[in-house]
Amino acid sequence: RIRKVLDKGIPILITGETGTGKEAFARAIHQASLRRSGPFVALNCAAIPESLIESELFGYRAGSFTGADKKGMKGKLELANGGTLFLDEIGDMPAHLQTRLLRVLAEREISPLGAATPVALDVQVVSATHQNLAGMISAKQFREDLFYRLSGMTLHLPALRERSDRAELLDELLAAQPGASGLRLDGEARTRLLAYAWPGNIRQLLNGLRY
1 RIRKVLDKGI PILITGETGT GKEAFARAIH QASLRRSGPF VALNCAAIPE
51 SLIESELFGY RAGSFTGADK KGMKGKLELA NGGTLFLDEI GDMPAHLQTR
101 LLRVLAEREI SPLGAATPVA LDVQVVSATH QNLAGMISAK QFREDLFYRL
151 SGMTLHLPAL RERSDRAELL DELLAAQPGA SGLRLDGEAR TRLLAYAWPG
201 NIRQLLNGLR Y
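Numbering of the sequence shown is given in my numbering, commencing with residue 1 and proceeding in unit increments.
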C-alpha cells in the first residue's frame with residue numbers, strides 16, 4: 001500500500017501501539033522514496049519542553065532575541081527541507097502548536113523568528129501516534145482540520161500478538177544481532193517466545209532476544 005503512494009506528496013499517518021515499529025517504518029518509507037538522499041528529520045512531539053518547541057520546530061535567525069545563538073538556528077522543519085519530516089507522538093503536540101503546524105502544512109512555508117522573508121518548505125510529512133486521535137478530536141484535544149492534513153493515508157501497524165509472521169520475525173531479528181551468526185533457539189525457548197503476548201511489541205521482543 002505504501003509503495004502505491006510513494007512520491008505522490010501524500011502525508012502519511014502511522015498508528016499503532018508503542019513498540020510496533022512506527023519510526024522504523026517511517027525510515028523505511030524515506031529510504032524507499034526519491035527523497036532518500038535528502039534528510040530524515042524526526043521530532044518527538046511529546047519530548048520537547050513546551051517553552052522550546054517553537055524554536056525547535058521553526059528556528060530563528062541571528063540576533064532575533066537576547067541570548068540567541070549568534071549564527072541563528074534552523075528548526076526541524078527547515079532542516080527537513082528536501083527530505084522527510086517524521087512527527088512522532090503527534091497526538092501529544094500542544095494545542096497552539098497544532099495551529100501553527102496546520103498553517104505551515106497549508107501554506108508550505110515557514111517563518112523563522114527574525115527572518116525577513118518566509119522559507120519555502122518541501123517535505124514529505126510522516127506522522128505517528130499511539131493515541132486514539134478520533135477520540136481526542138471528539139474531546140476537543142486535537143484539531144480535526146490538522147488530522148485531515150496529516151492523514152492523506154493512514155496505516156495501522158498491528159500489535160505483535162496480532163501478527164501471523166511472528167515465527168519469521170523472530171528468526172530475522174535473531175539473525176540480525178551482532179555475533180548471532182549460527183545461533184538457534186532451542187524448542188522450548190522458541191515455543192515460549194512465540195506464546196508470549198509481548199505488550200511492548202517488537203521493541204520488547206528485541207530486548208528479550210538480546211538479553
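Incorrect hints may have been included.
[As the list claims (entries may be wrong)] Below 35 Å or equal to it, Euclidean Cα-Cα: the simulated DSBU-like pairs (lysine-lysine) are:
#1 Lys4 - Lys71
#2 Lys140 - Lys74
#3 Lys140 - Lys8
#4 Lys71 - Lys140
#5 Lys140 - Lys4
Bear in mind the hints are in silico, worked out from the structure with no lab data behind them.
On a predicted model such as this, the values are computed, not experimentally measured, just so you know.
The hints, checked one at a time:
Simply put, Lys4 and Lys71 have alpha-carbon atoms about 41 Å apart, too far for the 35 Å limit, and the pair is violated. Between Lys140 and Lys74 the alpha-carbon distance is near 31 Å, which keeps this suggested pair within the 35 Å criterion. Distance hint between Lys140 and Lys8 is fulfilled; the C-alpha atoms sit about 31 Å from each other, no more than 35 Å. The suggested pairing of Lys71 with Lys140 is violated, with an alpha-carbon distance near 39 Å, which exceeds 35 Å.
A hinted pair counts as satisfied when its Cα atoms are at most 35 Å apart, and Lys140 with Lys4 qualifies at roughly 33 Å.
Going through the hint list in order, the structure does not satisfy hints 1, 4.
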